[in-house]
Amino acid sequence: MNFFQAQDQAKSKTKQLTFLFVAALLSLLIMANLLVAIMLSFENPETNFAQTIARTPPETWFFISLGVGGVVAVASIFKYLSLRGGGKAVAESLGGILIHQNTRNPQERQLLNVVEEMAIAAGLSVPPVYLIRENSINAFAAGFSTNDAVIGINQGTLDLLNREELQGVVAHEFSHILNGDMRINLRLMALLHGILFLGIIGGSFLRGSMFSRSKERGGIIALGIGLLIIGYGGTFFGNIIKAAVSRQREFLADAAAVQFTRSNTGIANALKKIGGHSVGSQIKNAQAEQSSHMFFGAIKPFAANLMSTHPPLEKRIQALDPNWSGKFAATESQPKPSSSAPSSALASGFSGSTGTSTQQTKASQSELLASVGNANLAQAQALIHNSDEGLLSAAHDTFEARALIYAMLVATDPEIAKQQLALIDANAEAGVPPHVHQLLPTVLKIDQEQKLTLLEMAVPSLKELSASQYKRFTGITNQLIVADQQVDIFEWVLHRILTKELYGHFVAPSRSGGNISSLKRLAPELHLLLSVIAAAGIADSQAQTSAFDEGWDLLPINKTKTFTKLEYFDYEAFNHALGKLRDLKPQLKASLMNACIHTALADGTLAQNQFALIKGVGATLDCPLPPLGVNPQ
Amino acid sequence: MEMIILLVIVAVLAFWLVAIYNKLVALKNRQENGFSQIEVQLKRRYDLIPNLVETAKAYMAHERETLESVINARNDASAGLAAAAGDPSNGAAIQQLAGAEGILGSAMSRLNVVMEAYPDLKANQNMMQLTEELTSTENKVAFSRQAFNDQVTEYNTYRSSFPPVMVAATFGHPSDAQLLEFEDSAAIQAAPKISF
Chain S
0 MNFFQAQDQA
10 KSKTKQLTFL
20 FVAALLSLLI
30 MANLLVAIML
40 SFENPETNFA
50 QTIARTPPET
60 WFFISLGVGG
70 VVAVASIFKY
80 LSLRGGGKAV
90 AESLGGILIH
100 QNTRNPQERQ
110 LLNVVEEMAI
120 AAGLSVPPVY
130 LIRENSINAF
140 AAGFSTNDAV
150 IGINQGTLDL
160 LNREELQGVV
170 AHEFSHILNG
180 DMRINLRLMA
190 LLHGILFLGI
200 IGGSFLRGSM
210 FSRSKERGGI
220 IALGIGLLII
230 GYGGTFFGNI
240 IKAAVSRQRE
250 FLADAAAVQF
260 TRSNTGIANA
270 LKKIGGHSVG
280 SQIKNAQAEQ
290 SSHMFFGAIK
300 PFAANLMSTH
310 PPLEKRIQAL
320 DPNWSGKFAA
330 TESQPKPSSS
340 APSSALASGF
350 SGSTGTSTQQ
360 TKASQSELLA
370 SVGNANLAQA
380 QALIHNSDEG
390 LLSAAHDTFE
400 ARALIYAMLV
410 ATDPEIAKQQ
420 LALIDANAEA
430 GVPPHVHQLL
440 PTVLKIDQEQ
450 KLTLLEMAVP
460 SLKELSASQY
470 KRFTGITNQL
480 IVADQQVDIF
490 EWVLHRILTK
500 ELYGHFVAPS
510 RSGGNISSLK
520 RLAPELHLLL
530 SVIAAAGIAD
540 SQAQTSAFDE
550 GWDLLPINKT
560 KTFTKLEYFD
570 YEAFNHALGK
580 LRDLKPQLKA
590 SLMNACIHTA
600 LADGTLAQNQ
610 FALIKGVGAT
620 LDCPLPPLGV
630 NPQ
Chain H
0 MEMIILLVIV
10 AVLAFWLVAI
20 YNKLVALKNR
30 QENGFSQIEV
40 QLKRRYDLIP
50 NLVETAKAYM
60 AHERETLESV
70 INARNDASAG
80 LAAAAGDPSN
90 GAAIQQLAGA
100 EGILGSAMSR
110 LNVVMEAYPD
120 LKANQNMMQL
130 TEELTSTENK
140 VAFSRQAFND
150 QVTEYNTYRS
160 SFPPVMVAAT
170 FGHPSDAQLL
180 EFEDSAAIQA
190 APKISF
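Here the protein sequences line up with chains S and H, keeping their order.
Residue numbers for the first sequence, in numbering that gives the first Met the number 0: 0 to 632.
Residue numbers for the second sequence, in numbering that gives the first Met the number 0: 0 to 195.
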């Protein structure tokens, strides 16, 4: 199953779920009405059940349904709103502590490195990582979309797993991020909460009635008990639905982890260690109950049953490692990683990438598309390893990350560069300009792909800014971008990725609708998109036309359009078009990305600007593009 | 009917309270997280200062008093940091750290003034490197302190805004968090007077 199919499936799963929950809610309403009817018939013993119902005015049933439905709706909406903060809100509610990007703790450093490699390998910006102070082996991913996703890891995971196993666990979590499972998870949490809340109210009525002396006391007690039964009964069935969905996605994520890391030993060994660990993957925090389906391993020591959110460990291990002897691994503390020595994984990643040619062949174009939503770990490790030491440490430091971004925006033209540097000296935050001057010579030497990789690495550092620091930072970035009175393609991509990531973090996570099921309606937008890509890296106008045609013919539209040469890169029109294309269904995004890639590669090479454009388009449309293994030229 | 209205009111009220409670906890956590960022930078600073003093010693044997006052102030500030890091929501600890930092700041600027008289020391490669790193660390301290103070302000503002203020104390948030203010600008201005 590829990325787009997984996305589609996640979407239809969400619909099924909503349907199931509506059904559950309806049965709740019927139960509530029945309950009232029974209460009434007890109060009027002289009439039988049918007579009581006939005598009760019909509005009563309406109001009861309205009341119960209203409570569930209000509770769900409240929960959803509290989750609007996205992944970090969930991590914070579980008591997670943000691991700073410049941490000196070798364990935490190793974890951040593993997460970073995996993110770059998947073509995503690096998500913030939270540490949960629990001794069991577990982890989770939470968020609405890729730009507000966070990863949470238990202390026990760090203490007991080695680098390879950690990589398996992190890859599993990235699969949840990429396949749209997180969004299902958050909706599930909100809906379940609404139903559970009925039970909570029932409980508080019961407690309240202890102090009440009024005549209505009996009624309140009965109502409380009724609500308790409905609420907890509803939660029971809700949990079964939740668990069924979750179990399926876990198998999928395990499989994806093998695909991402190209190895089944890491994740299989991690699972074996959970089995051998005295506390396994249990989480003590009571808040974790609601988000049990987000974790790597089951948070309660349940055996296999309807309520367990995870398939039994034995089954998961067997699926990964058919030759498994059935014995769990003993857990012992791992030797602390040394922060300086390069890992063996890095070395092997290196040897894997030496054979790539710079010439792109037709055959590998389909590979390129298949790679969307996948991960290219070896390539990512090589990219990180080849980066300049100074630039890497700047990307990992909240203070210097801003200088790095400013330096990337300084133009090669000396006149404009002078102007921009003056602007930095005058407006940038105290202490930042010297860093810009220091980083600039190195930044000018690296190519766009490396710059974009560094940008993705700097994202979690920038997310550590405070709100006012973030405002100032974006103000200066925008000034630097327009300093030369125009926006070029690299500036556009940089701005696009920064906005998507930081706006999602500081203001509100963005969500894609994803309901447009016809490309035809968006023909003008597609025309603009392909025209820009065709013109970006090809000089000859004849070749531009044929590149455009090659992409356009792949789109399932019966209209013919011809390439139109654009005078300049009109970023506003381009953004507008992408904003509309965002709402396409995942499978249509697949043909769109396919067309983009074919247009870019029509002349046999991938130009730097074309690579950057596709990267920016992918980021905007939530189709992350991993490192390609070809050097854009 | 009254029952249903009551039910919905109870639901909304309970949720509202839960939302306030969660927001207070989240803001407080974020603020404590912000402090750990300052802690990293301040520790770095406290690690650099003894090296600097060690290098300076070789050149300025007659300034033992100045050097000692720097080391003492550094040790006090380091202890203050340890106390504050244990509980960043403790206003008194934060204030004590701010005071110790102020004393350290003025001791450092006194040292800088004294160093003017030793051109050899200022030209020392090691010294130049240390001074450079110290300046950069101080910038970082200022930066993470700004972020921390932003978070404290956000927490305080929310805590004392209208609906939360009624319940904040009951929920375990009885008082405003303490801003971390170093009186470094005042200390630097005062320093030359002491040395003459």
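These are computed hints drawn from the structure, not numbers from a lab.
All of these numbers come straight from a predicted model, not from anything done at the bench.
Just so you know, not all the hints are guaranteed correct.
DMTMM-like mimics (lysine to aspartate or glutamate), calculated; alpha carbons at most 20 Å apart, straight line [stated by the list, open to error]:
hint : chain 1 : residue 1 : chain 2 : residue 2
1    : S       : Lys470    : H       : Glu53
2    : S       : Lys579    : S       : Asp158
3    : S       : Lys470    : H       : Asp149
4    : H       : Lys42     : S       : Asp7
5    : H       : Lys22     : H       : Glu38
Label-pair ranges, simulated between beta-carbon atoms [to be verified]:
hint : chain 1 : residue 1 : chain 2 : residue 2 : range
6    : S       : Tyr79     : H       : Asn111    : 18 to 28 Å
7    : H       : Met127    : S       : Ala421    : 53 to 63 Å
8    : H       : Gly85     : S       : Asn426    : 46 to 56 Å
9    : S       : Ala572    : H       : Asp86     : 52 to 62 Å
10   : H       : Gly98     : S       : Asn477    : 37 to 47 Å
11   : H       : Lys121    : S       : Ile445    : 30 to 40 Å
12   : S       : Ile239    : H       : Val11     : 26 to 36 Å
13   : S       : Asn426    : H       : Gln128    : 34 to 44 Å
14   : S       : Tyr79     : H       : Val166    : 33 to 43 Å
15   : S       : Ala466    : H       : Met127    : 50 to 60 Å
16   : S       : Ile445    : H       : Gln128    : 35 to 45 Å
Here a beta-carbon is modelled for each residue, glycine too, at the ideal position from N, C-alpha and C.
Problem - Enumerated hints in conflict with the structure, sorted upward - result: The structure conflicts with hints 1, 2, 4, 5, 6, 7, 8, 13, 14, 15 and 16, although it agrees with all the remaining ones.
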